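Trainee: Start from the sequences and build out the full structure, keeping to the hints where you can.
Next come the chains, spelled out residue by residue.
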Amino acid sequence: MLQVLKHLVLGAVFVLPGIASADSATMDAALKDKAKGMTDAGLHYLRGSMAEDGSWSNSVGVTALALRAFLESPRGYSEGDGAFITRPVKFLLDHINPDGSISETNNNRNYNTAVAMIALKATNNPAYDDIIKNAQAFLKGLQIDEPEGYERDHKYYGGIGYGGDERPDLSNVYHALEALKATNLDPSDPTWEKALLFVSRSQNNSETNDLAFAANDGGFAYMPEYSPHGGSVSYGSMTHAGLLSLLFADTDKNDPRVKAAYEWIRANYSVDVNPGAKDNQGYFYYLNAFAKSMYAWGEPELVDAAGVSHNWRNDLTTKLMSLEQKDGSWVNKESGRWWEGDPNLCTAWSVIALNQVVRK
Amino acid sequence: MRPNGAARAAMRWSAVVATTLAGALVLTLLLPLQHAPQALQIGAAAVTLLVGVIVGNLACPGRSVAAPLAVAAQAGCSSLVLLALLGWSDGAATFGSLLRSALAVAVLAWVMSALVQLFARQERRHASVSLVAFATLVLGLAPLWGGAIVDAVAPTGAGADILVGVSPLTYLAQAAGWDYLRYDWIYRVTPLGSLRFDYPDFWISTIAYAALAAALQVLAAGIRQSVSAGLGSAPPTAVT
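These protein sequence lines map, in sequence, to chains Y and P.
Under this note's numbering, think of the first position of the first sequence as 1, with each following residue one higher.
Under this note's numbering, think of the first position of the second sequence as 1, with each following residue one higher.
By construction, these hints were calculated from the structure, which means they are not laboratory data.
Just so it is clear, the structure is predicted and the values come from calculations on it, not from any experiment.
Please note that the accuracy of each hint is not assured.
Estimated spans, in silico, between C-beta atoms of each pair [stated by the list, open to error]: (1) P:L131 - Y:S322: 46 to 56 angstroms; (2) P:F119 - Y:E146: 44 to 54 angstroms; (3) P:L99 - Y:E79: 40 to 50 angstroms; (4) P:L58 - Y:K133: 56 to 66 angstroms; (5) Y:D210 - P:L58: 31 to 41 angstroms; (6) P:R188 - Y:N124: 54 to 64 angstroms.
According to the in silico footprint, chain Y covers these stretches of chain P (three or more CB under 8 angstroms from chain Y) [stated by the list, open to error]: (7) 148–156; (8) 190–200.
Note that beta-carbon positions come from the ideal geometry of N, C-alpha and C, so glycine has one too.
Mentor: Encoded structure:
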């Protein structure tokens, strides 16, 4: 017994400082506390803005994102913690459709289903396994491929759209892939390979993009041949979404597409704006994708193209502190595009981003 | 002089044939939309609607004014024929969606013809038809030209819903079950697809448009009666 105690004490003496130093190397300790505090404040805001039926903004998508913010927070909330978790879960379950989608509308079925899958998975409740499996099948069915009459040489091939049309885009693909990854879709499923074709064609990288119009800065556009910010210009939110999509599909860090995307991020590093986007459109979406891709990349610091080192956790926390409203929420005051005039959505995006900051 | 029944029937059916042929002709212009069968479907519906209303209202002889319900039935039949041919050749559209599209065309044609009847005076019938067709086009394309305004003025308010809701194009798209604001070309033209909006339910829109048409028709009949009573002459005859 004494021997065991001795080993434990010795282990603590040698190991704990190591953990502490690794933690402090990750980010500034005071800022980490601030990040946790902002997370709590954001979640407090969301608890207050939840509707009677357990929804936020009467939307499956916003509800699922807010729910995910709770479930992945450092507090580790679960369904056992009460109605503020079970009611939004019920709202999602109430919007399951016969086709497997989870959505209150026909028009955003991909987004809604994808984020609802992630939230349900984050509950760790096996009761939702069949629902998630059906939702996986639904998302796979949305993919543009041969049954829709598209061949591999078509620029839409492998893409996924909103669900009410056949026009795919990288944002919808990224959300679908994140959901499929989070819910453990078989890595050998052909969905991944087809999606990668679309993702690659959305990248401005002539080395790996077989479409003639590809520019060559390594960043990503909204879809092949189109960016809402002009031409097929690369921009931050889509480049982080593109990088994440590549990583979800288990693409190696040495893959030329991944390296090119990372180089674009180095050249356009910012937490102040969504680089390349007009009027800072989609800024909170950008910060969310930025946090997830930086966490997935696994490095505490990023050296930009000018050689300046950035601790992304410190930078993101500091920026979100400056943007936080008095009530603990966030909102995009520069542009309402992509629903960012809705504080419920921006707060959910921000808290999920902060969860990446403080995540081990 | 009023045409006899056979002549009226001949004119009515020739209007259906003319509308279908004109619609088929214009559809060849929509071939770039071949990768979006639903786009082709609402394109065909929109064409038969406009052509049907114009032909149906101008084909009436003499002093007569076309009965809105008759024009609606003609336009609905034309669109059903054209949509069925389109659906058969394409194989993508369901029978239900074709029927909904034809119904939408008929209901919108009823509204438009009731408006024509409301404004029409004998000597200004062509102008009334042109005005109503133009107004429908402007309203139908409102999401395209008004999207940037809503985005600039009130991107988070009800503006997007109103703009989407009042457009007859939305109604035709809902009949086809198509999220048209996210369609590649339209998404590039208007920012509306990136704002929050909800499409109105197809059946609620159908009831609303039908109620509007009925109200306009009653109003037009009342105005005609009061005008003829004031002038002491016979009102323009409605072809039934």
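Trainee: All hints, please: hold or fail.
Mentor: Hints versus structure:
no.	hint	verdict
1	P:L131 - Y:S322: 46 to 56 angstroms	holds (55 angstroms)
2	P:F119 - Y:E146: 44 to 54 angstroms	holds (52 angstroms)
3	P:L99 - Y:E79: 40 to 50 angstroms	holds (45 angstroms)
4	P:L58 - Y:K133: 56 to 66 angstroms	holds (59 angstroms)
5	Y:D210 - P:L58: 31 to 41 angstroms	violated (53 angstroms)
6	P:R188 - Y:N124: 54 to 64 angstroms	violated (42 angstroms)
7	148–156	holds (count 3)
8	190–200	holds (count 6)
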